[in-house]
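Straight run, no breaks: the sequence shown in the numbering used here ends on number 374.
In short, the hints are calculated from the structure, not lab data. Predicted, not measured: the structure shown is a model, and the values here were computed from it. It is possible that some hints are incorrect.
To be verified - Taking lysine-lysine and the DSSO-like style, the derived pairs with C-alpha atoms no more than 30 angstroms apart in a straight line are:
1) Lys247 x Lys308
2) Lys273 x Lys187
3) Lys187 x Lys270
4) Lys308 x Lys187
5) Lys291 x Lys270
6) Lys309 x Lys187
7) Lys291 x Lys308
8) Lys270 x Lys309
9) Lys247 x Lys309
10) Lys247 x Lys291
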Amino acid sequence: MRIFLGIIGCVLALAILLDVFRAVVLARRAQGEFRFTYLFYRLTWPFFVRVGRRIQSGRRREAFLGIYGPLSLLLLFFTWAMGFVLAFTFLQLSAASTVEISRNFPEAFYLSAASFLTIGTGNNQHEFSRWISVAEAGIGYSFLALVIGYLPVFYQSFARRELHISMLDARAGSPPAAAELLSREGKYPSQLERQLAAWEEWAADLLQDELSYPMLAYFRSQHLNQSWIGALVAIADTSALISLSAKDELRHQAEATFAMARHALTDSAKVLKLEPEHNAEDRLSSADFGKLQQIITNCGSLNGGMLKKEEVVSLRALYEPYSFALSSHLLMALPSWIPERSSSDNWRLTSKRTQSTYAVSDPFHDGDKKDRSA
C-alpha cells in the first residue's frame with residue numbers, strides 16, 4: 001500500500017511539474033502529448049459557452065465571456081497548486097506506517113499544504129517525511145516565483161495583441177472589413193505597403209504568443225465589436241485581394257502578409273486542437289464580389305488587373321476553414337468582406353448612448369438564426 005501511494009504521488013507530481021514547465025517555462029507547442037492544461041480548458045470552456053449562448057444582451061454576453069480568460073488562468077494556477085499538494089500528500093502517507101495510512105489522510109494533506117505554502121509546521125515524525133516537506137517547500141517557492149514572473153509577460157503579450165486591433169479601427173472600422181479598409185487606404189500605395197508590413201509583423205507576433213501561451217486565445221478584446229480573430233481574418237482578406245490585384249513591391253508585401261496571417265490562423269487552430277470546417281457558410285456572395293471588384297477598380301494603387309473569382313476562392317480555402325473553426329470554438333464571429341451595417345469606428349463613439357450595440361458573439365446567441373455549434 002505504501003509503495004502504491006508513493007508511486008501515485010511521484011507520477012502525479014512529475015506530471016504536474018512537466019505540465020507547468022511546458023506551459024510556463026518552455027513556452028513552445030508540444031504536439032501529440034497529454035497535458036493537464038489542455039484538459040482543463042476542454043472541461044471548463046464549454047460551460048461558459050453554454051451559459052453565454054443563453055444571455056440575450058450582447059454587452060452582457062461579452063462581459064460574461066470576457067471573465068473566462070483571467071478567471072481560467074487563476075483557476076489553472078490553483079489546480080496546479082492543489083495537484084502538487086495532493087501528490088505530496090500521497091508521498092507523506094507512503095512514509096507513514098501501514099496502520100497510520102487510513103486515519104492520517106487529513107493530517108498528511110494539512111502537512112503537505114503547509115509545506116507547499118511554506119508555512120512549515122515541523123510536526124514530521126519521520127526523517128523521510130521531513131525531506132519530503134523540504135522538497136515540497138522548494139517547489140512551492142519556485143511555483144510562486146513562476147507565477148509572479150509569468151503574469152507580467154503574459155499581459156504584455158495581451159497588450160501587444162490589442163494594440164494593432166485598436167489601430168485597425170480607424171482604417172477598417174469595427175468590426176473590420178476588407179472592403180472598408182481598401183476604400184479608406186487603397187489610394188495611398190506607399191502607406192498601404194507600410195501598413196501591410198506592420199500587419200505582417202503583428203501576425204508573426206501573435207503567432208508566437210499563441211504558440212507560447214495558448215490560453216491567450218480565450219482573452220477577449222476590450223471592445224465588444226472587436227476580436228483578434230476578426231482582425232487577423234480581415235488582414236488575411238485584404239492581403240489576399242491586394243496580392244491578386246497589385247503589382248511590384250505592394251504585391252510582394254501583400255503576399256508576405258497573407259502568408260503570415262494564414263500561418264497564424266492555421267497554427268492557432270492546431271494548438272487548440274480544432275479541426276478545420278470545410279462546409280461552413282460562404283462569406284463572399286457573388287453580389288459582394290462585384291462590389292469588391294468595383295472598390296478595387298476605384299483604388300489607384302491596385303492596377304494589376306481584374307480579380308478572378310476562382311483565384312480568390314483558392315486563397316480563401318487556405319485559411320477560412322481554420323478561421324471558422326476558431327470562430328465557432330471561441331464565439332467570435334468572422335468579419336464580412338463588405339460591411340453589413342454602417343461602419344462605426346469606436347474612436348467616434350464617446351458616450352454610452354452612441355456605443356456600438358453589435359457584439360462579436362451575437363451570431364452564436366441561441367436565438368439567432370445564424371447560430372452555429374461551438
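Structure-based check of each hint:
The hinted pair formed by Lys247 and Lys308 meets the criterion: a straight-line CA distance of about 15 angstroms does not exceed 30 angstroms. Note on Lys273 and Lys187: the hinted pairing is violated, with a Cα-Cα distance of about 40 angstroms set against a maximum of 30 angstroms. Under the criterion of a C-alpha separation no larger than 30 angstroms, the hint pairing Lys187 with Lys270 is inconsistent with the structure, at around 37 angstroms. Of the pairs offered as hints, the one joining Lys308 and Lys187 holds, with about 21 angstroms between alpha carbons and a cut-off of 30 angstroms not exceeded.
For the proposed pair Lys291 and Lys270, the alpha carbon gap of about 34 angstroms is over 30 angstroms, so the pair is violated. Among the hinted pairs, Lys309 with Lys187 is consistent with the structure: their alpha-carbon atoms are about 23 angstroms apart, no more than 30 angstroms. Taking the CA atoms of Lys291 and Lys308, the gap is near 13 angstroms; set against the 30 angstroms cutoff, the hint holds. For the suggested pair Lys270 and Lys309, the alpha carbons sit about 28 angstroms apart, so the restraint of at most 30 angstroms is met.
Only pairs whose Cα atoms come within 30 angstroms are accepted, and Lys247 paired with Lys309 is accepted, the gap being roughly 18 angstroms. Among the hinted pairs, Lys247 with Lys291 is consistent with the structure: their alpha-carbon atoms are about 21 angstroms apart, no more than 30 angstroms.
In terms of the numbered hints stated before, the structure departs from hints 2, 3, 5, listed from lowest to highest.
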